[in-house]
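*Asks:* Under my numbering, think of the first position of the sequence shown as 1, with each following residue one higher.
Don't read these hints as lab results, they were simulated from the structure. One or more of the hints may lead you astray.
[To be verified] Listed below are the simulated EDC-like cross-link pairs for lysine to aspartate or glutamate, each with C-alpha atoms no more than 20 Å apart in a straight line: (1) Lys126 x Glu155; (2) Lys242 x Glu227; (3) Lys242 x Glu224; (4) Lys126 x Asp89; (5) Lys285 x Asp249; (6) Lys126 x Glu99; (7) Lys126 x Asp87; (8) Lys242 x Glu220.
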Amino acid sequence: MTVSPMQPIRGVMAPCITPFREDGEVDEDALASYLDFLADHVHGIVVCAIYGSGILMRPNQRQRVAERAVEIVGTRARVLVFAGAADTDTATQLARHAEQIGADGVTCVAPFYYRQVDEALFRHFKALVDAVDLPVYAYDSPVYAGNQLSFALLEHLASAGLAGVVTGAASFGIEHLWECIRRLQSGRLQVLSIRDGIALPAMMMGAVGFDSGAANFFPELAVELYEAVTSGRYEAGTQLQKRILQFRDISHALGRNIPTLHALIGMRGFATGVPKRPFFPLSAKEVENLRTQLAPLGFPPEGPL
């Protein structure tokens, strides 16, 4: 699919993995073939985000991945660069680099580890908004960041130029997502679901798309769900949502999401290198067990990629 740079960001966003070599450097050959595949199937790709191990990478590694993504993806999908960091200076540096290389937007989680008051969080995101002309999206992930983006803060940031928020963490529940859409999505701030497990209700409530871990290894299914809901085929959308939940149940069962995603993408025929340490690959036995559990769900799908 080809997207216009003038269109608002919406649809299925794949927070893609980053393949590494054993020495901890990025495996650029593996990254290139994998990104080429994703670009033909999803609406947007987020690099170096939660599944892309950006938090574990040096800034120059993150910048190189972003550069390769823009080069490889072109206009087939939107490229958003995750600029999340514990400090504002690094986040701003990554955001400026994203703009310089021609990325379509920036995503950023709240500064993590240290507990921050709302004013500090506002200043952090406002620094990114002021630093670039790209749309900036906040990832609302309080369990991992340790800082929650309140409705009052998001309303303040929307007035300051924040483009959108990706929210709906499991700890919040669907009511929080609905309240976020009801209060904030009024033409000045887009709301996307941070979980594909609630994509159906999120979009029926008005979310313009969703982040999808499953899109890393089965982008066709995630896009099929998006298209079913946006075309009003809710019964079909319900069945597709159930199917994604089945994949989530199996793929999350080991409690090692990033190594599991590497294995699942490998089942599609792609080299995925190794995950960034301290993560470590699944064993051959674990991979075979995954394959056995997923076979009844039609994965990996048959036919050419």
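*Asks:* Are the hints correct? Go through all of them and say.
*Replies:* Okay, the hints, checked on the actual structure:
The suggested pairing of Lys126 with Glu155 holds, with an alpha-carbon distance near 12 Å, which does not exceed 20 Å. At roughly 15 Å between alpha-carbon atoms, Lys242 and Glu227 fall within 20 Å of each other, so this suggested pair holds. Restraint check for Lys242 and Glu224: the C-alpha separation of about 13 Å stays at or below 20 Å, so the hint holds. The straight-line distance between the Cα atoms of Lys126 and Asp89 is roughly 12 Å, inside the 20 Å bound, and the hint therefore holds.
A C-alpha spacing of about 19 Å is found between Lys285 and Asp249, which places the hinted pair at or below 20 Å, so the restraint holds. For the hint linking Lys126 to Glu99, the alpha-carbon distance of about 16 Å falls within 20 Å, and the restraint holds. Taking the CA atoms of Lys126 and Asp87, the gap is about 13 Å. The hint holds against a cut of 20 Å. For the hint linking Lys242 to Glu220, the alpha-carbon distance of about 15 Å falls within 20 Å, and the restraint holds.
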